[in-house]
Amino acid sequence: MSATASHGGVMMLPSPSRPLQHQRPPTVTGSDMFRVRRKEPRGLRLVVAATAKYKGTKMREEKLSEMIEEKVKEATEVCEADVRSEECKVAWDEVEEVSQARADLRIKLKFLNQDPLESFCQENPETDECRIYED
Amino acid sequence: MAVSTIYSTQALNSTHFLTSSPSSSTSKQVFFYRRHQSQTNRRFNTIITCAAQQTVVIGLAADSGCGKSTFMRRLTSVFGGAAEPPKGGNPDSNTLISDMTTVICLDDYHSLDRTGRKEKGVTALDPRANDFDLMYEQVKALKSGIAVEKPIYNHVTGLLDAPELIQPPKILVIEGLHPMFDERVRELLDFSIYLDISNEVKFAWKIQRDMAERGHSLESIKASIEARKPDFDAFIDPQKQYADAVIEVLPTQLIPDDNEGKVLRVRLIMKEGVKYFSPVYLFDEGSTISWIPCGRKLTCSYPGIKFNYEPDTYFNHEVSVLEMDGQFDRLDELIYVESHLSNLSSKFYGEVTQQMLKHADFPGSNNGTGLFQTIVGLKIRDLYEQLIANKATAPAEAAKA
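Here the protein sequences line up with chains A and B, keeping their order. Take 1 as the starting number for the first sequence in UniProt numbering and just add one per residue. Take 1 as the starting number for the second sequence in UniProt numbering and just add one per residue.
Some hints could be false.
[Said to hold, decoys possible] Calculated pairs, DSBU-like style, for lysine-lysine (alpha carbon to alpha carbon, straight line, at most 30 Å): (1) B:Lys240 - B:Lys229; (2) A:Lys73 - B:Lys240; (3) A:Lys110 - B:Lys262; (4) A:Lys73 - A:Lys108; (5) B:Lys118 - A:Lys58.
Since the hints were derived computationally from the structure, they do not count as laboratory data.
Isolated chain B, as found in the complex (with noise of 0.2 Å):
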């Protein structure tokens, strides 16, 4: 806590800026007060906020690198703003930034380029093909309110490019497919997802993806799934076990034999006892639950939609688990799911439903991908705004004492 000088004044309920010479050199800290003084003799009552930056960190796994922008942007857009490449920078840049967050592309710090890699025999997948010290260092450095030179890796060209500057946002989203292997960076993260898509889906969303690609065949398709497998399970999959929220995505079960990938089942993972983290529940928190909500009060149409709620253990660690088979068509089956769970953090009655509504065209719009990505966006916004209130309290506290 940084050590200031405060000045008072006579003037009455009147508002001062003060800027203090913090004994750390690296913040810049603004200290603004109210005084209020009254009739009695009473202490005056000081209001410090601190209006440094508190940067909250979170962390996105997930194959693929930095290809959820469909992901980002519901998550983004929980805060409002749309989330879009710097501008006037690098057009290959993979950073997106919105007005609280920026969300940074891990690829960024691969300290192989294509060509590098293929020397060495070294997939993307493989930490030795990344500089997690640089990743440390320019993490730490936003999250303490200092702005960094990134470098870019560019996609198309395969090289690294130009650095660009980061301001430090106050959220930054790390995503890509090492933000939890190293433990320092592991450190850093207030809140952490995993992104785990089943082999089988896999299979069917990079048919949908390359399928119209003259290059690919589903020979291709799968080899290239093969080939990148052993690294993926050796480097990729056991971050799982340190994410706050696992969004699970696995074939259907209301479906015999389906292998087209549409309907989805999603399973929404979350570790119990983390800091300003309240699991979603169904009906009754701990408990175990099946639900079909489609009966005589709401009609569905075919496969249904069905949930499971129950508490489990991940890795070792407490977790409850909110499950979510099949897909909405309508609006009132939307609005129906969401009057029934509890926990969401919504700010008003439907905003879920909004939230579904703002990105409707976008993949996983209709299932619990979808649903998933946008609660755990409102978690985020709660816990974003409890660690804020409690960083503001505490400066004040001192002060009073």
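Just chain A, with the same shape it has in the complex (with noise of 0.2 Å):
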């Protein structure tokens, strides 16, 4: 894969025998690529189900969804009377903030393995939030 061009503009690069230089290549080829997560050259990395680890944030993931039921709810009702009015604007931008909120967290546990009261819990084990969740 060697790319040829006349026009001395074109920054031609050196093809090495291993094109990433630090890392190990890809286990996977072809289009299960993007769909794999790659493996750690150390070790098996543990894919974790996008569930909350501790109680406290599963109570946050359904007053979450609890919210955006009530929210959107309102902001309809608010909106019948006037479509362009502040009152209306407002409540639907409510709605947003908080679908965005219900979102950031799935992408927390989902993407990033990251539940916001871990390092809340190693402190405090004891509290009720700090219970691990079970389903």
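If you follow the hints, you should be able to join the two separate chains into one complex; please do so.
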């Protein structure tokens, strides 16, 4: 795979024998590449399911979902009177805020494997919020 | 520039720590120098490195405030280390900290909490809901190396919580709705980025985001976007004229009538003439190029990949625009594309590809959003290194004089 061009402006990068010098090449190639999590060089990385670890986080998740439902209802009602009123704008903005907060929590748990209560619960494992959530 | 006393000793090739009391009482400065005594009566070479904080400030404007945790992760991972919430603090903190970077969510500068905004009838997008004086003071303080007690806006409760202590980092990223709204804050930014999502893509993304929630339906998602649009257009959108780089996300042109928003056309609009920032280019800087890498050497699956590169003007500024439409399916497509791009500011061949692979499971990893976010990350690293080098040589030159 060598790029050939006669123009002086092209940056000719040397093709090394291994394209990624500092990492082991991925074990999977082909269209699976972007769907399979690459293995770390040392040992296996556990793929944690996208659920909360602590009871407190689970409660936050549920609270946010409830709030979305409530606020959508509220906004629909408020906007029936006047779609361009301030109250209508603010009501839908609240829906957006809570929807985004819900999605952020999901992203944190699913992609980043960070439970927001992680460091708090390490200091205070005996609190109710820090009970390990069991399905 | 602080005035300090320099002491000389008899020791050869040794290093000494000196603490001077600078004229300004706000910053601590440690001078670290090495005196090299030569045989001849040549003047000694003094290398003075100022170890005081040189914080580089980056602004990132995006709708839905601080939800760009995957963009942030890409940016911070270029510098190494994972960005995590502050340990032992408020679990609802929006701040992210890694070795080199601290990311602050500008929602923390809301002057009105959720109840307050409801009472006054303003959305979070409205400048009236934000304390720009405090934002300016604290960003300025952090930039000068002073720690601040920053408020926390809790997105779950909608309240303003007790502040958290933020130490000045090497790189401070302020992300949110209004990083470039206030002129004074704009002046503090060393680099700014605006993430410009088109309406169709926004709609498609919000459907993906919200449809699983039991409260939402297509109608509610649409209504929410429509209701916020006037404030968005009035207050947020105009910031893009100030950005050094705009990442514009549009629906693909490769698939007729595509409305799923899965294949994207992404444009990286880079301002010309920005200090320490050299735009990425394709093949020949300043020319107009249209490039389809898929062909004899590279086979791609449908709908393929198409690149465009051209100079343009954007809000009366000269810009260079690099555009990618389509998506990557395989590792070799990504490397092939990387090997044809110039001015990437990468440190080794394949660095962009490696960074993309590190976060292969993040959304956008197979298209222009992930690619350009990664490239912007490398550009910021390059800018940071140049800024630091520049600030380090200035005091040394002053000492030699």
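- Message: For A:Lys110 and B:Lys262, compute the direct alpha-carbon distance and say whether it is at most 30 Å.
- Response: Satisfied, since the Cα-Cα distance of roughly 20 Å is no more than 30 Å.
- Proposed proximity, B:Lys240 with A:Lys73 (alpha carbon, max 30 Å): violated, 34 Å
- Message: Run the distance test for A:Lys73 versus A:Lys108: straight-line Cα separation, threshold 30 Å.
- Response: holds, 27 Å
- Query: Do the alpha carbons of B:Lys240 and B:Lys229 lie within 30 Å of each other, as the hint requires?
  - Reply: holds, 16 Å
- Query: Does the structure keep B:Lys118 and A:Lys58 at a Cα separation of 30 Å or less?
  - Reply: Holds, because 28 Å separates the two Cα atoms, which is no more than 30 Å.
Checked against the numbered hints given earlier, the structure breaks only hint 2 and satisfies all the rest.
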